[in-house]
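Novice: The residues making up each chain are set out below.
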Amino acid sequence: MEIGTFQKQGDGLSQETAFRPDFETGPGGPLGYTPVMWESVGGETATTMTVRYQTQ
Amino acid sequence: MSYAPSTFHAGTGTAYWESLGLLGGSTGMAPLVTARYTIPAFDDSDGTALTITDSVAKSAVGAEASWAGWDLSASKTKLLAIAYVHSSTSNYIGVGFNVSTLPATTLVDSYEATFDGAGGHSELAKYVSGGLTAIQTDDTIYQNDVVTSAVWGIALYVEDDIQKVFIKSGTANWLQVLADTDPDHDSFQSFYLRHYGESARFITPIMVWGAA
Chain A
0 MEIGTFQKQG DGLSQETAFR PDFETGPGGP LGYTPVMWES VGGETATTMT VRYQTQ
Chain B
0 MSYAPSTFHA GTGTAYWESL GLLGGSTGMA PLVTARYTIP AFDDSDGTAL TITDSVAKSA
60 VGAEASWAGW DLSASKTKLL AIAYVHSSTS NYIGVGFNVS TLPATTLVDS YEATFDGAGG
120 HSELAKYVSG GLTAIQTDDT IYQNDVVTSA VWGIALYVED DIQKVFIKSG TANWLQVLAD
180 TDPDHDSFQS FYLRHYGESA RFITPIMVWG AA
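Sequences listed follow chains A and B, in order.
Under numbering that gives the first Met the number 0, the first sequence has 38 at position 39, and the numbering climbs by one with no breaks.
Under numbering that gives the first Met the number 0, the second sequence has 145 at position 146, and the numbering climbs by one with no breaks.
Just chain A, same shape as in the assembly:
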């Protein structure tokens, strides 16, 4: 498991578009894949989420 900070994606208006980390695109060191498991570890801002995730 590693910890990283990622840009948020989504608009928070529905389950399908809930705010969640953008692991695949945009700035902030995207992984290029979505981890099978991840969890918020706090430090959330209006634009970013810091998460612990399982590496591929």
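Some hints could be false.
[What the hints assert, rightly or not] Sample of chain B residues facing chain A (criterion: CB under 7 Å; computed from the structure): (1) Tyr91; (2) Asp137; (3) Asp179.
These aren't lab readings, by the way, just hints derived from the structure by calculation.
Yeah, the Cβ is synthetic: ideal placement off N, Cα and C, and Gly gets one too.
Could you slot chain B onto chain A? The hints should help.
Specialist: This is chain B only, laid out in the frame that chain A set:
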């Protein structure tokens, strides 16, 4: 083999929750919703309606974000809920605790645990001021949103800065799949069943325990 209806209560997982220290002992947890064999009428709902027939609350086919629930007797700082669910083709299905009494329409401030079949994971999420944020997901175990899925159990435990999600599949015991320490909400006044219509079913036992 004889029929022993009392053993049906094993489905609530009481012994398991007690073994984890979430129920019993000095926890102060008392039953708040006790749908053991039949589901009581909901206090309120929004979206696609659930129709209760004895042990099952089944949604109509309309596909939209929906909930139905009950107000609790007072604000609680510690809560455990369990429900058995069948998504059918509902994009997601689960349970949640709402900070205030049940809202007029959409959810505003809450924690919820769902099987997000459409998204392909089990999920712990929170509403804050009407915005929904996923705070944890696990793609490795979840109930899929297909009609042939078995009925699974889902449970959510919350207390100050602690959220835990448990699931149950088949005859296996309950198992924890998600846990977080989100600080946003620390007391709750209502409980809701979460779904997206599309013939989703909630099945007894549906239980909520809580403590002030």
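Novice: All hints are to be evaluated individually against the structure, with a verdict given for each.
Specialist: Hints, one by one, checked against the model:
Evaluation of the B:Tyr91 hint against chain A yields a held restraint, the C-beta minimum of about 5 Å falling below 7 Å. Taken as an interface hint, B:Asp137 checks out: its beta carbon lies about 5 Å from the nearest beta carbon of chain A, inside 7 Å. At about 6 Å, the closest approach between the beta carbon of B:Asp179 and any beta carbon in chain A falls short of 7 Å, and the interface hint on this residue holds.
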